[in-house]
Structure formats: structure tokens, C-alpha cells
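Knowing the structure of chain Z, use the given hints to seat chain P on it.
Sequence order for the protein chains is Z and P.
FYI, numbering that gives the first Met the number 0 numbers position 247 of the first sequence as 246, with every residue one higher than the one before it.
FYI, numbering that gives the first Met the number 0 numbers position 2 of the second sequence as 1, with every residue one higher than the one before it.
Under the rule of at most 35 angstroms between Cα atoms (straight-line distance), these lysine-lysine pairs were calculated in the DSBU-like manner:
(1) K270(Z) to K369(Z)
(2) K34(P) to K189(Z)
(3) K169(Z) to K74(P)
Quick caveat, the hints were computed from the structure, so don't treat them as lab data.
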Amino acid sequence: MEKRVYLDNAAATAVRNEVIEEMLPFFDIEFGNPSTVYDMGSRVKASIDDQRAKVASLIGARPEEIIFTSGGTEANNLAIKGIAFAHRKKGDHIIIGATEHHSVLNSARFFERLDYEVTFLQVDEYGLVDPQRLKELIRPETILVSVAHASNEIGTIQPIAEIAEVCRDKNVFFHTDAVASVGNIPIDVKELGVDLLSLSGIPLRAPKGTGALYFRKGLRLMPLLHGGIQESGRRGGTENVPGIIGLGKAAELTLQELPQKIRHVKVLRDKLVKGIIDSVENIKLTGHPENRLPGHASLCIQAIEGEALVFLLNSHGIYVNTGSACASKALKTSPVLVAIGVPPELAQGSIVFTLDMPNTEDDINYVLEKLPIVVNRLRSMSPLWGKRETVQAG
Amino acid sequence: MKFVKDIKADDTLDLVCRMCPLHLLEPGEKLACMKEGQVLEVLTDYDGALEDIPSWCDKCGQEFIGIEEDEDCYKLYIRKRERNHHGKESLSG
Chain Z
0 MEKRVYLDNA AATAVRNEVI EEMLPFFDIE FGNPSTVYDM GSRVKASIDD QRAKVASLIG
60 ARPEEIIFTS GGTEANNLAI KGIAFAHRKK GDHIIIGATE HHSVLNSARF FERLDYEVTF
120 LQVDEYGLVD PQRLKELIRP ETILVSVAHA SNEIGTIQPI AEIAEVCRDK NVFFHTDAVA
180 SVGNIPIDVK ELGVDLLSLS GIPLRAPKGT GALYFRKGLR LMPLLHGGIQ ESGRRGGTEN
240 VPGIIGLGKA AELTLQELPQ KIRHVKVLRD KLVKGIIDSV ENIKLTGHPE NRLPGHASLC
300 IQAIEGEALV FLLNSHGIYV NTGSACASKA LKTSPVLVAI GVPPELAQGS IVFTLDMPNT
360 EDDINYVLEK LPIVVNRLRS MSPLWGKRET VQAG
Chain P
0 MKFVKDIKAD DTLDLVCRMC PLHLLEPGEK LACMKEGQVL EVLTDYDGAL EDIPSWCDKC
60 GQEFIGIEED EDCYKLYIRK RERNHHGKES LSG
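Here chain Z stands alone, though its shape is the one from the complex:
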């Protein structure tokens, strides 16, 4: 088998064997519909409730505060639309971070078409929002604030507890998109003080198409999918039972192994970053230097086209990303990098490494061997390289 070094774990992960094994019986043995009253259905319903408790435990929530979804995007849509529709009489103003994922950004923009007003909360050079600035932007008609817990693109972790406190004082609902953070750092919804939190199965190494929304008990939320009484009447449609089983098992394992994972990926990430700084000149690290996801490294390489870098690394069996999966495929300059003030020509050379447990020191050594070669090759063809100005790494 050809060498493969996969460092794009924010985009997709290999599902754990224990998770696959747990899911298998629910395809062909325990395949009953959980809404039926006979035992083949009620057993499956009980299994779903067990997984709900496991996912709740991972984030310090109560089981009844978890709605299973088809992933992070649906959870974000449900949070934004569910609150905005259910609380329309209270107000029509929404505030979101300037560096949110498209599922938050485009959900908020959808409400602009319905005559709501959306304010974008700007970030500093590290991608951090300022809770004091948020306080100034909240108005009597503000109903919802949404700020991502951590950025998949630049790794920065936001001061969510402080932001939540501002929202609580102003009596405004607060949602955080924690797709990048749940499974990578410890999360407790009560400590954070959030009203809603989205998570995805991907960082837990559960199957794609799985996720959940935490909503504080007692919160009114308009369903996105009208149908039957699944998910306590908050999401119609027969449940993705194998996916939910997989998510629950992955949540259980993550809760047990998270400290070990954090140690493992942080050591590898630090080695990777140090090695790149030592071997590639004219780079700029992006995101916060300390308040960042432990397995996340992001940087911009001057006079390089990120897509070209990805393809050349691919030819060596190395898989990385240039930023968010959606933005990179659309060949757009990353809005996140623009928001943190990276000049467009430097933002073109964005590269993001996201590590997980399967990664090894050998993987990092291999990347550090190949990356300088690939960068030099691309720079030798670049007309920009001769006209360069020096950039600082940090």
C-alpha cells in the first residue's frame, strides 16, 4: 500500500472500529422502527435513548437536552432558524461572528430576506471576538447571538463563557457552533453557560451525517423538519439509528480518552509547527498562538497557491486542506483569513493541518521531509517569489 499521511481530520475522519462494530447489528438485526410499539421497535428506542445519555455526558448536558441531527450543518440551521422563528415576536435582530461556518452565516442571511437584521461581530487578528464589543451591539430587539466555539480554519478558541455571560445579562439566546471543538477539547455546556450548542460526529470519529444540537431545557425551538413525534416532537423523520448508535459509542469513547488524545495531537502539532518554521521561510502562522485547538496548525505560505500545494502534497500521499472544505472548493479567498486581516495574496497560500489519534511521529517527519521540497518547487515557478517582502512567522 502506498504511503498515506492524512492530516485533514477536520474535514473527515476514519470511523473507529469499535464504533463500526457497535453499529453493525442495527443494520440487519435490530432494524425495527423506534416509533413502533412492539419489542423490535422499543428495544431500538431504548438504544437511542442510551446514546442520547452518552452524548449528553460528553458535554455535561441532560439527555432530554439533546436532539440528534444529520450533522453540524443541520444542528446550526436548527439553532438559528429554530430560535429566530420561535421568538419572532420578541425581536428580529441576530448577531453572528464574522468568521462563522457557512451553515451559520447562510442561515443568518436567510433571515435578512425575511426582514430580520443581521449584525456581524468583527474579530481581531487572532480571530477572537471582543465580548465588550458584543455588549455594545446587543439591542432590545436582539434575540440571538451565535459565535463558534473554535475555528476549524485557524484553530482559535473563543472566550465562550464570557460571551455567554454578556448574552445572559442582556436576556438574549446564545448559540455556539462547537463542531470543531467537541471531541478535541473538554466541553461542559453548564460551565460555558450556552443556551444552544452544535456538535458533529466527525471529530469523534463517528460516521459522517451524524451530529446533535444541545438546547437548554425549557427553550422553545421551531422544528426544521415537520413530521412525527421523533426527538420529542422537535425533529420529524425516522431516526438514522446506526448513525446515532455510532455517535453515542464515539461520544462514550471520547469522554474516556480525550486527555490522552489532547496530549498526543499537541505533541505532534508542536513538532510539525516547529519543523515548518525551521525549514520553510516566509510563512505566517494564523489563529491564536495559545488559545487554539491542540491538534490544529494553520499557516499561510508566501508566494504559494494553496490549491497547488494541496495537489503536490497529494502526489506524495499527504492529505491537508487549504482552509474550510467549502471555501477551498469554491476557489474563494477564505472569508476567515480576510476577517483576521491576512492580505489576499498571502491568504492564497493558506494551509491547514488537523491531527487525530491515528497520526504518528513518522507522519510528521514525512511531512517535514516533503513540504520544503514542494514549497521550493512551487516558488521556483512563481513570479511573486522574486518580488517578495519578508513576513514574520508568528
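Just chain P now, kept in the frame of chain Z:
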């Protein structure tokens, strides 16, 4: 339709934004945990509940007290009865 005002409830069930037929399932579960004579307040934005809940109370031997219309929802009041006035066992609650 019997309209009431300022009814004091012992417990509240908020079913606003939640789908039909939860308004026929959750009141029974809630009443099961309440004492004879106590009043349950059911909040809902589902118009169908205005007919369904009184009818459900009748079938299940619970006393339907009445409805109050609020700004964002209806409030329906049910008094828990162990047996209905015909002496029939409650089906639920």
C-alpha cells in the same frame, strides 16, 4: 369552548413549537406524576389541540377546566381525576 382566566396551575407542560400528536401523549405522562385534584397547564400553539385536548380529557376521565388565550400560545387547563364522574377508570394519568 370554555374560556377561563387566572387559573392557578400546579405544573406546566410547554408544548409550543412541538409537533402533533405530542399534545395527546405528554399530558398523560405528566398527569401520572401529579396528585388527584391538581391542575396541569398545557401551553401549545397548535390549533388542533383546542378540540383534541378536551376530547382526550373526556375519554381519559380527566377534567378539562378551560382555555386561556395568551399572546404567543393557548393555555389549556386540566384537573387530574383518578376516576371520571361515571366511575370509569382513567385510561391515562
